[in-house]
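Visitor: Chains as they are written, first to last, in our numbering: chain A, 1 to 407; chain B, 1 to 93.
Treat the hints with care, as some may be off.
[What the hints assert, rightly or not] With a straight-line cut-off of 27 Å between C-alpha atoms, the simulated DSS-like cross-links for lysine-lysine are:
#  : chain 1 : residue 1 : chain 2 : residue 2
1  : A       : Lys257    : A       : Lys178
2  : A       : Lys174    : A       : Lys103
3  : A       : Lys311    : A       : Lys339
4  : A       : Lys174    : A       : Lys123
5  : A       : Lys196    : B       : Lys82
6  : A       : Lys178    : A       : Lys124
7  : A       : Lys103    : A       : Lys164
8  : A       : Lys274    : A       : Lys339
9  : A       : Lys103    : A       : Lys124
10 : A       : Lys274    : B       : Lys56
11 : A       : Lys105    : A       : Lys169
12 : A       : Lys345    : A       : Lys309
13 : B       : Lys27     : B       : Lys66
14 : B       : Lys69     : A       : Lys257
15 : A       : Lys105    : A       : Lys257
16 : B       : Lys69     : A       : Lys196
17 : A       : Lys196    : B       : Lys81
18 : B       : Lys66     : B       : Lys28
19 : B       : Lys66     : A       : Lys274
20 : A       : Lys368    : A       : Lys314
21 : B       : Lys66     : A       : Lys196
[What the hints assert, rightly or not] If you want the ones that stay clear, here's a sample from chain B, every Cβ over 12 Å from chain A, calculated:
#  : residue
22 : Ala29
23 : Pro30
24 : Glu33
25 : Asp85
Don't read these hints as lab results, they were simulated from the structure. Cβ atoms here follow ideal geometry from the backbone N, Cα and C, with glycine treated the same way.
Here is what each chain is made of, one letter per residue.
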Amino acid sequence: MIPINRRHFLGTSAAASVALLGGMNRFALAAGANLSPGVPAGVGSIASMATLPGKKPLIMLADRPPNYEAPLEYLRTPITPNDQFFVRYHLADIPEIDAKTYKIKVGGDGAASPLELTLDDLKKFPAVEVVAVNQCSGNRRGLSNPHVAGVEWGYGAMGCARWKGARVKDILEKAGIKKDTIEVAFDGADGPVVDKTPDFIKSIPAWKALDESTLIAYEMNGQPLPHFNGFPARLIVPGWTGTYWMKHVVSINALTKPLGGFWMTAAYRVPLGKFPLIARFVSQETAVNTPITEMVVNSLITSHRDGAKVKPGKVTVSGMAWDGGYGISSVQVSTDGGKVWTAAKLGQDLGRYALRPWSFELTARKGKNTVMVNATNKLGQGQTSELIFNPAGYHNNVMQNIALVGA
Amino acid sequence: MNKLIFAILAALIAAPAAADDKPVALKKAPGMEAVEANCQACHSLAYIPMNSPFLKPAAWDAEVGKMIKVMGAPIDDADAKKITDYLKANYGG
Chain A
1 MIPINRRHFL GTSAAASVAL LGGMNRFALA AGANLSPGVP AGVGSIASMA TLPGKKPLIM
61 LADRPPNYEA PLEYLRTPIT PNDQFFVRYH LADIPEIDAK TYKIKVGGDG AASPLELTLD
121 DLKKFPAVEV VAVNQCSGNR RGLSNPHVAG VEWGYGAMGC ARWKGARVKD ILEKAGIKKD
181 TIEVAFDGAD GPVVDKTPDF IKSIPAWKAL DESTLIAYEM NGQPLPHFNG FPARLIVPGW
241 TGTYWMKHVV SINALTKPLG GFWMTAAYRV PLGKFPLIAR FVSQETAVNT PITEMVVNSL
301 ITSHRDGAKV KPGKVTVSGM AWDGGYGISS VQVSTDGGKV WTAAKLGQDL GRYALRPWSF
361 ELTARKGKNT VMVNATNKLG QGQTSELIFN PAGYHNNVMQ NIALVGA
Chain B
1 MNKLIFAILA ALIAAPAAAD DKPVALKKAP GMEAVEANCQ ACHSLAYIPM NSPFLKPAAW
61 DAEVGKMIKV MGAPIDDADA KKITDYLKAN YGG
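Generate the whole structure from the sequences, applying the supplied hints.
Guide: Dropping the structure here:
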């Protein structure tokens with residue numbers, strides 16, 4: 001017999017787990033997932049538009065564990081609606097959680113006064129709001145050249161929402177965080193199918209956990225979090241990639257020693273020195289690599305797909321730009337392959353962690369027109385013209401250069 | 001209690017095929033049964049075609065090795081060989 005993990009069958013009712021799967025049986029499938037050009041050929045044979053309970057159709061790359069990305073159309077607004085937000089899990093045992101009995105255990109060897117929080121307790125802390133991009137570390141992995149193993153995401157493993165919750169700092173202070181705490185670890189209710197599979201537990205440096213904007217969020221765009229985005233509460237780590245944004249948080253541990261385990265020591269690492277990153281996770285660095293931290297500067301054209309047909313004449317191209325939380329300062333567009341750059345018009349500023357809309361009006365000719373985009377942040381960092389290859393396909397911020405066909 | 005848990009486990013393992021109206025159809029070739037019997041206890045078979053056709057033989061060995069050694073998949077040596085041979089022959093690059 002396979003050593004199935006019994007934790008959740010004992011912790012939650014088996015009937016609830018089966019009921020959830022029953023709900024998933026009622027998937028409405030829509031044909032024709034519009035995949036990003038450049039993903040591995042095999043993706044086309046398994047991807048389809050599919051509807052999880054409570055969601056609009058997303059591009060399903062895998063149903064178990066569920067990994068669904070947003071089609072380009074869902075990223076045309078600076079706030080991504082909850083039912084259009086992408087879904088990403090590592091492990092397939094995902095319990096439905098009863099908000100009435102839900103608790104977060106707060107402790108660790110760096111906490112002098114361990115405590116337990118109910119959802120109501122969480123709501124008693126000062127409520128803080130932040131608009132922040134949640135982007136999977138491996139967003140655009142499918143575009144890596146050469147291809148690398150993993151979930152072969154196109155452009156849509158990202159979204160941006162207004163998150164509301166309690167500061168992790170306030171929670172840790174109540175738990176008597178000690179000065180020698182170096183990391184804070186978070187575990188979610190989701191877990192592995194087989195006992196021997198390492199549970200997905202992640203830590204962040206103490207300085208990031210204590211940041212004013214690092215939250216345990218119980219609201220997403222004014223609503224409770226969707227089940228598949230971490231109900232009842234998830235970690236929000238503004239500026240940092242999604243791997244740290246633990247869903248269904250059930251424990252917070254202040255640690256005086258670095259967290260171990262596969263998901264920290266082997267996964268989610270980037271080679272040292274390859275990316276222009278400011279935020280460091282020093283307690284987890286090795287001589288050769290470092291945990292992924294903040295997002296690199298990036299932009300996405302959302303108004304048109306590569307090869308889209310346009311009418312010759314005035315055409316408005318628009319999209320989004322974002323970075324690791326320093327704020328976007330400009331978005332430059334080139335229609336001649338990168339020789340001449342012109343500033344795009346920036347849209348509403350929802351804060352330094354948010355998606356920043358931009359738009360640019362060009363005059364399309366008959367035949368092929370090209371549109372290349374490069375965002376710059378307030379540190380002066382921009383996007384890259386050539387892929388910075390790394391074995392896990394992280395931090396792909398290659399400038400897009402799409403064709404618009406005037407006809 | 002064990003019987004109940006096993007029944008639920010069986011239902012869960014059977015679920016992936018039912019959870020999606022369009023189950024993942026792998027290429028019919030020797031070793032496919034070993035893949036179906038071992039891999040989908042923990043994850044959809046979609047991960048295989050999704051990661052093709054680009055992984056070299058050593059990379060498929062590494063993936064299956066990772067599933068057994070790191071992820072704790074209870075796969076015996078005979079099945080592991082069938083699985084890697086199948087993946088290299090049908091989903092290699």
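Visitor: Below or equal to 27 Å on CA atoms is what counts here, so check A/Lys368 against A/Lys314.
Guide: holds (15 Å)
Visitor: Please work out if A/Lys105 and A/Lys169 have their alpha carbons no farther apart than 27 Å.
Guide: holds (15 Å)
Visitor: Could you check that no beta carbon of chain A comes within 12 Å of the beta carbon of B/Glu33?
Guide: The assertion about B/Glu33 holds, with a minimum of 17 Å to chain A.
Visitor: Would the pair B/Lys66 and A/Lys274 pass a check requiring their Cα atoms to be no farther apart than 27 Å?
Guide: holds (26 Å)
Visitor: Does B/Asp85 sit more than 12 Å from chain A, CB to CB?
Guide: Its Cβ never comes within 12 Å of chain A, the nearest being 18 Å, so this holds.
Visitor: Mind checking the alpha carbons of A/Lys103 and A/Lys124 for me, to see if they're no more than 27 Å apart?
Guide: Between A/Lys103 and A/Lys124 the Cα gap is close to 14 Å, so the pair holds against 27 Å.
Visitor: Below or equal to 27 Å on CA atoms is what counts here, so check B/Lys69 against A/Lys196.
Guide: holds (9 Å)
Visitor: Quick one, are A/Lys103 and A/Lys164 close enough, alpha carbons at most 27 Å?
Guide: holds (18 Å)
Visitor: Taking only the CA atoms, is the gap from A/Lys274 to A/Lys339 under or equal to 27 Å?
Guide: Distance of about 26 Å is within 27 Å: holds.
Visitor: Holds or violated: are the alpha carbons of A/Lys174 and A/Lys123 at most 27 Å from each other?
Guide: holds (14 Å)
Visitor: For the pair supplied as a hint, B/Lys69 and A/Lys257, confirm whether the alpha-carbon distance does not exceed 27 Å.
Guide: Holds. B/Lys69 to A/Lys257 sits at ~25 Å (cutoff 27 Å).
Visitor: Confirm or reject: B/Pro30 is not an interface residue toward chain A, with every Cβ-Cβ distance exceeding 12 Å.
Guide: holds (20 Å)
Hint compliance for this structure: every hint is met.
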